[in-house]
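Undergrad: Between the sequences and the hints, there should be enough to build the whole structure, so can you do that?
Protein chains in written order, with this note's numbering: chain A, 1 to 366; chain B, 1 to 366.
No lab work stands behind these hints, which were simulated from the structure alone.
Owing to the predicted nature of the structure, the values given are computational and were not obtained by experimental measurement.
There could be a bad hint or two in this list.
Each pair may be met inside one copy or between any two copies, as identical chains are not told apart.
[Stated by the list, open to error] In silico SDA-like pairs for lysine to any residue, Cα to Cα no more than 20 Å straight-line: (1) 243 to 144; (2) 243 to 193; (3) 243 to 358; (4) 243 to 211; (5) 243 to 77.
Protein chains: 2
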Amino acid sequence: MAAGSEPPEFGDTAITSVDGRQGLLTYRGYRIEDLVRQPQYESVVGLLLDGTLPDTVGAGRLAAELRNRRNLPEEVGRVLAALPPDTPAVDGFRTCVSAMNDLARVFPPTRVEGMSLIARSPSLVAGLYRRSVGGPPIEPDPELDHVANYLWMVMGERAPPPRTRALERYFVLLSDHGISASTFALRIVLSTRSDLASAVSAALGALKGPLHGGAPPEVLDMLDAVGSVSQVESWIDSALERKQRLFGFGHPTYQVEDPRATLLRDFAREVATPARYALAESFERVALDRLAQRYPQSPRFTNVDFYGAVLLEAVGLPRTLFTPTFALARTAGWAAHALEQVAQGRLVRPPERYVGPGPRTWGRGA
Amino acid sequence: MAAGSEPPEFGDTAITSVDGRQGLLTYRGYRIEDLVRQPQYESVVGLLLDGTLPDTVGAGRLAAELRNRRNLPEEVGRVLAALPPDTPAVDGFRTCVSAMNDLARVFPPTRVEGMSLIARSPSLVAGLYRRSVGGPPIEPDPELDHVANYLWMVMGERAPPPRTRALERYFVLLSDHGISASTFALRIVLSTRSDLASAVSAALGALKGPLHGGAPPEVLDMLDAVGSVSQVESWIDSALERKQRLFGFGHPTYQVEDPRATLLRDFAREVATPARYALAESFERVALDRLAQRYPQSPRFTNVDFYGAVLLEAVGLPRTLFTPTFALARTAGWAAHALEQVAQGRLVRPPERYVGPGPRTWGRGA
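TA: Next up, the structure:
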């Protein structure tokens, strides 16, 4: 696992290790099960960006660094205000990051730009949400840490501590996952020596896709459609008959249960209403049973979307913010990968094979 | 070269074939040397998107399709007006494409979204330019074809026919180049089932990098610094001594001269002032000589940036628009690759190898 002495190749990363066979996920060598026990997103930001877990003093400094960068630059506020109010938050997020002129002017991006991105993004998403519901923006509260302040700026009221803690754990668990499609797009953009605003807006575009981060709200739509525990079996059987996709199951990397899903199940149980959790649990049990019957050769497990959606709902976030909230958690990983990509300076070599028509002539008497 | 019967892999493409050993570049099987003889960008758009060269009737229909979609949607105009006037056009281009809500709402993108993107983008770039110089925007002229209308909207006057023809040839030659870094980013974004606004803003972020499309203005800065033919040798020798990069030479794919560079040299000669062309030619001759001496094992050739920059200057475009103009030409290729990616539906598998620290524990008495 340790770095060899050969020069780095594109795709080499020392940030997150994903072992899909054993279901092990580590950030900088630490297992997520350890990191999530004393969740503080700021410390995980430090771990991902700087490579070491901060001590108490370091954690305080990181929290202050992020707190001091929460405000949106004036020009970003103007672009935000120019967007139609019904712009989906995930699209507004991408457009406003692209409009961060200060980040767009620094080549290559440094830790400063990375911290600015992480710190500002919750203000941006909350601002887009407030605009969409016709409410005034809510100022950041310097008394609150990163995740608690995000909830405050969305909801306009102090969330009960268990909800804040649940969301903080979600942020920790979703903060990085190796070179996913969004991170891949980000690293390709940076490999041409472009900037962080360009790279992160590319990542947001990829994360939006339902095969990446765009599926969590569908999990709840599905549970709503089922309605009650007594309907679970018949609903799932009829959905599978209609070849309808069951959201929240299966992952291309994991051959066992995704370790984040295991943790999110417990954290969701702590905050969801008993009825909601019972419905989700019943749905999960029947879905896994039916999927195992249907696909005995390629087992599907509960993925991060399933209880992630139940948790985000219980925390009080509206469904339109599920994908943007995933993206907010991931800004830490994106910033870390951006710095790693810049330090490696490796150009990507895209795969390419021409499979089109052979040489043909035109305009020469043809 | 023909498509086999096996399912397509990510990276399979039937659009452009790049043969770096022989210096052959074909679009849908037609050599660029043939296509550029009767340049009409609209026909090349049809060839790239639809796979066949349109006849006269088809070319007229394509031109009308593009002409009818030139106007910017109202919300894009509002975002454009919200950007600081000194926003670099390449950044404003990315932000405003991201703000194209109609394109952002269609999954998967179709030919309609592709044509809208190609048709609108010149209005966007010209609008950003006019704003940056403090002038009012210039309305599209329905009498003019795609490329001529772009020049009109930037300059506010009719360009002499040789200049329009030179720019049209530039658009044809730059309209696609296989899976470059920008196209790769675009295809990754679409592989998650995201939308065209997301995918093209990602592509624009990658194209901005100086290793991709961001270098052409530097070619002219270099020629300006040299000043005159008599200074070429001493300037280049001293630049190489200072390990300064010579812009406009070398390409990772080509082991012979890039066929686009060969053509652009001729086209630039037709429109550049004799003095400018003489300086460029002298610079090229000395640079190739010195580079061959320095790197006998890995020959460097004149690339598309070198005479591309001389041509764009002669056409009358300001340097700040060189990279955005390259991007405008490439919108055709991006739209074609978007449709191909969507049709293939192949997910990308990012390269990944963990090279960080091994398992370490934390928080368990450590």
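Undergrad: Each hint: holds or not?
TA: The hints, checked one at a time:
Within a single copy, residue 243 and residue 144 get their C-alpha atoms no closer than 46 Å, and across copies no closer than 50 Å, so neither meets the 20 Å cut-off. For the identical chains of this complex, residue 243 and residue 193 are inter-copy neighbours only, at 19 Å across copies versus 44 Å inside a copy, given an alpha-carbon limit of 20 Å. With identical chains, the CA atoms of residue 243 and residue 358 are never at most 20 Å apart, being 39 Å at best within one copy and 43 Å at best between copies. In this assembly of identical chains, residue 243 and residue 211 lie within 20 Å of each other by CA distance solely inside one copy; the values are 17 Å within and 46 Å between copies.
In this assembly of identical chains, residue 243 and residue 77 lie within 20 Å of each other by CA distance neither inside one copy nor across copies; the values are 44 Å within and 42 Å between.
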